[in-house]
Each structure stands twice: as structure tokens, then as C-alpha cells.
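Trainee: Here is how the chains run, residue by residue.
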Amino acid sequence: MNKPVVVAHDLTRHYEVGGGIFSSTQTVEALSGASFTLQPGKTLAVVGESGCGKSTLARVVTMIEPPTSGTLMIDDEAVSPDKWASLRSSVQIVFQDPYGSLNPRQRIGDILMEPLVINRKDMSAKDREAQARDMLAMVGLRREHFDRYPHMFSGGQRQRIAVARALMLNPRVLVLDEPVSALDLSIQSQVLNLLVELQEKLGLAYLFISHDLSVVKHMADDIVVMYLGRPVETGPIEDVVANPRHPYTKALLSATPIADPTIEKKRIKLEGELPSPINVPKGCAFSPRCWKATEECRAKRPVLDEGRHRVACYHPEG
Amino acid sequence: METTMERPGRLREFWYYFRENRGAVIGLSVFVVFVLVAIFADLLAPHDPTQQYRDHLLRPPAWSEGGDWSFPLGTDPLGRDLLSRLIHGARYSAFVGVVVVTVAASVGILIGLLSGFAPRWGDTIIMRIMDIILAFPSLLLALVLVAILGPSLTNAMIAIAIVQQPHYVRLTRASVINERTRDYVTSARVAGAGIWRLMFKTVLPNCLAPIIVQGALSFSTAILDAAALGFLGMGAQPPTPEWGTMLAEAREFILRAWWVVTFPGIAILITVLAINLMGDGLRDALDPKLKRS
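Protein chains in written order, with this note's numbering: chain R, 1 to 318; chain E, 319 to 611.
Hints were generated in silico from the structure; no laboratory data involved.
Below, computed lysine to aspartate or glutamate pairings styled on EDC-like, alpha-carbon distance capped at 20 Å: (1) R/LYS126 with R/ASP110; (2) R/LYS292 with R/GLU273; (3) E/LYS519 with R/ASP147; (4) E/LYS519 with R/GLU129; (5) R/LYS282 with R/GLU296; (6) E/LYS519 with R/ASP110; (7) E/LYS519 with E/GLU497; (8) R/LYS250 with R/GLU49; (9) R/LYS217 with R/ASP239.
These figures come from a predicted structure and were not determined experimentally.
Taking the hints into account, I'd like the entire structure generated from these sequences.
Mentor: Next up, the structure:
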């Protein structure tokens, strides 16, 4: 087994909101107790519905925000805000919306070279340009696209550019924050195939954030299912998909469309809404919507059990 | 098909898009004429702007009855050649506009950027100060400032710049706050960009379009405010041939001699219109989102 590039232990991120003159501050528990490891060449998928803390996790791992508590280790080095600058080049991110993630005033070349200008000051302008043009070729664009502006490209091409920029510093880890959910279905597969190809070529570790389980099944090696800021089930993708143990995972999987009309689907419909992360229910966060919830679930929060396929539930399936 | 085409230079590309807007090209040509007139005023003016021809008081323009071709646009109540005064006045107007817009815009943009990036308390302090400045009627505040500093064209320009600068602060801050949450700013931060780089290289170029339009508009406002201050005796002092001061000096003669107010008024109108048209064209040409590829 390879040495992990990223080890996260109990990552937590809380936000203070409100706090005007007339109201007291409230705490939003956007992310609590997230632990995982990223291996080179492997993909860890994070799934869950909107507002479950996926993007907060991405922001903490890419060092945009410091965690409220918990530790993040990159290459055996503990991450703290004073080390951000030196660790930046190890972790890069690709955003969901390719129309918002490229500076509309910069040429593609400038966008690609910016990380080098900031982090590799000793590099000559000529080398930078050569590397940027090579990177364009690597993500399946043409070297002449160097001089164009982002608005001259389609969504899929823009996402390729975003991937190219993320790779300019030769990172070990790429955080993909819903990288294809803004794209057409036909373009999605192209970008996904590019990502798989790049992973094989460069030995990258991916943290793949998505709400699309069919994409996740195609891409991931391991999976973390999150609910209201907490991981509720983790494990190898085949195990979790074939044999979901948490009721929430089961409900999520049952909502994935299957391209075969002969298979009869039993769709589990969840009642109610995702509770507000300001006011997290006592006990299991999923208990208000769970069909198996008991008094125990409502009173005390279950923790992840041990093993390869872990679940945080008092009444796991299977 | 692999074609390696040389990209046209930045300036040529800009001109290509600017040219498509006819109003902007007309505005630019008028503005260029205005600037040239301002620069070469000494060579173009047929007379000294302060020379008083006592035999030719309030002479009408050359083509109307009683006109004289040595004074093409007539003379003012003191017998000074109106055309020469207008030509020299272009110099003062251009000067006022350029100085006021430069000072107000650079200070305003800087404060606006700082305010947009500052923590909440810093932002609040800056914006409340700007609100206080904006709460005064602008001309009154300029008047008070000039009264403190002493009446002269320089002090009038300083006062107008101070009065106009909160508009730039607000405009810049609003676009900065809007842009700052966008993903491309976050990705620049992930790439390691420091706060100064984020401010001036990442965010500022995306906020320029409204600032350019504001700059063009306030160029004309500056000319008008300077004229208003001159009218009240707080701006350019007579016999300076500033357009606004000329208007003010001639107001008693509006009914008897139409040309003494009409020509300075037309000069201001044409200049302001040309600058506004040019500002529009500038925005269209500088905004790559509107470019066709």
C-alpha cells in the first residue's frame, strides 16, 4: 500500500453567523469530524445532497479556509495557516462552474502562467510559456489557444483549461468540486475520461466531490457519504454501492436512475427537508427523516464503527 | 488544421472593436480636436485672450449684421475676442477634467479596493465616512472647501476631486464585493496570490468597465462644477478665460448679446457629449465579454 498524500483527522469547520447589535452569534456546523486519507493514483469520492458540507470540505483541504479543529497532514506535514504558502502547490482545485472560475480579463496563457509567476519566481518567462503550452496540449487543447480569452471557449473546453491551471504546479492532490455537473452529458464523459487519463499518467490523488452517484461509481475507488456536515458511511466504492449499510446511503442509491426499463426500482422517498446546520438535531442528524429511527437514535449521536466499510448508525442494514 | 497566426497587438485589437461604434469614433475625433486645441491654443488663437479692444465691445459674430471678420465669433462686453477666449478656455477645461478625474479616480479606486477587501469593521468605517461626504450637497461642500483653501482654480479642482471621490469608492467597492466571491478569485488564492495581487491584477481589471463610464461622466461633471464655482467667484478668477467663468461673466448680457453665452455653452456641450460617447465606446471595446471571437 502506498504512502498516503493527505491524511485528514477529525476536520471540523464552524462558521459564526449573525452577531449584529441585536442578535447573538450562532454557529453553523458546516463540517464536523471528517477523517479520510488520500492515496496517490486513487480517487476518494464525497457525496451528499446540497448543504451537507462537501464544498466546505473542499475549501478546508485546499487551504482556502483553516479548519476550526482537527488536523490535516499533507505529505506528513501538519497544515497550519503559516505553512499554506509552501504547501499550496501540493493541492489544487477545479471548481464546478467553468464560467466563473476563469478570469474573463486574462488570456488563457496568463491564467495558466499565474501560478508559476507566483510560486516559481526563478523560472524564466520563456520556460513558463513553454510549460503552459505543453499543458494545453496535455488536456486536449491546442497550443495556439494560449492567446485567447476564456469567453472564446465552450464549457467543456473551459473546464479543460481549469484542469490545466490546477496542474501547472505539479500538484499531488486535485480537489474536484463537482467538476462536471455544470456540463452537458456528452461533454461530461469527455472531461471524466481526461481526468482518469491524467490520474494514470501523473499518479494524482483525487478528492472527487459530487452529488451524481453514477459519475461517482465510474470514477471513485473509495467513497464518503456525508449528511449535514458529518460522514455517515465510508468504504470502498463497490462495497458501499453493492451493500449500503446506512439508511441514508440506501436512499441516495435508490434515487440513481438505471438505464434499463425492465428493472423494477424500489425508490425510497425521504420525507422532510435537510435540517438547518445552525440547529443540528440532537442524536443522529438523519433521525428525523429516517424510517428506522428509535429513541436511541434521537438521544445520542452514533459514531463510525471500525473496519474498512464503516457506518455511523445504530441500526445498519445488511 | 494547424494555423499559427500572429495575434494582432493589443492596441490594434482595441481599435478594431472601438471602430465599430460610430458614435464613439465621432466622440474620439471631437475629443482629439479638443485636446489639440488645448495644447496649441497659443498658435491657434487669433488674438490674446485678455487683450481688450475698446472699439469693439460686444461685437456680434462675423456673419451677422455688424460683424467683423477679425473677430469671427464676436467679442465680449470688454471687447475681448470670443474665439480666442474659447480656444484658451479649452485648455482650462481639459486641465480641470484631467486633474479632477485622475485624482478622484485613483484615490477613489484605491480606497474602494481596500474597503472591499477589508474586514467588516474597516469596511464599515470607510463607508460611513464616504456616506458623510455624500450627505452634503456636493456644490456646498466644494464651496466650503474652497472657502477654507482660498478661491483659485487649483483649490477648486482639489475641492471637486474630494467631492467626487466617494462615487468612485462606492462603485469600486460594489464591484469588488461582487467579484471577490467569484471562483476565479478563489482559484487565484489557491494559486498563492497575495492580497495586493488579488486586488490589482485579479479583481481590479474586472471592475474597470463601470469606473471608466463614471470617469467619462465625472469629466463633464468636473467641468460643470468648476464652472459653477467660477460663477460664484470661487473658481477660476477673471480674467482667466475659463468657459464656466465666461458664462458667468456674460450672464447680464444674455438678452442683448446672445453669442456671449451661446458659444461657451456650445463648447461645453460638445466637449461633454464627445467625452460621454467616447466613454461608452471605450467600455464596449474594453469589455471582452461583448467581443465577438
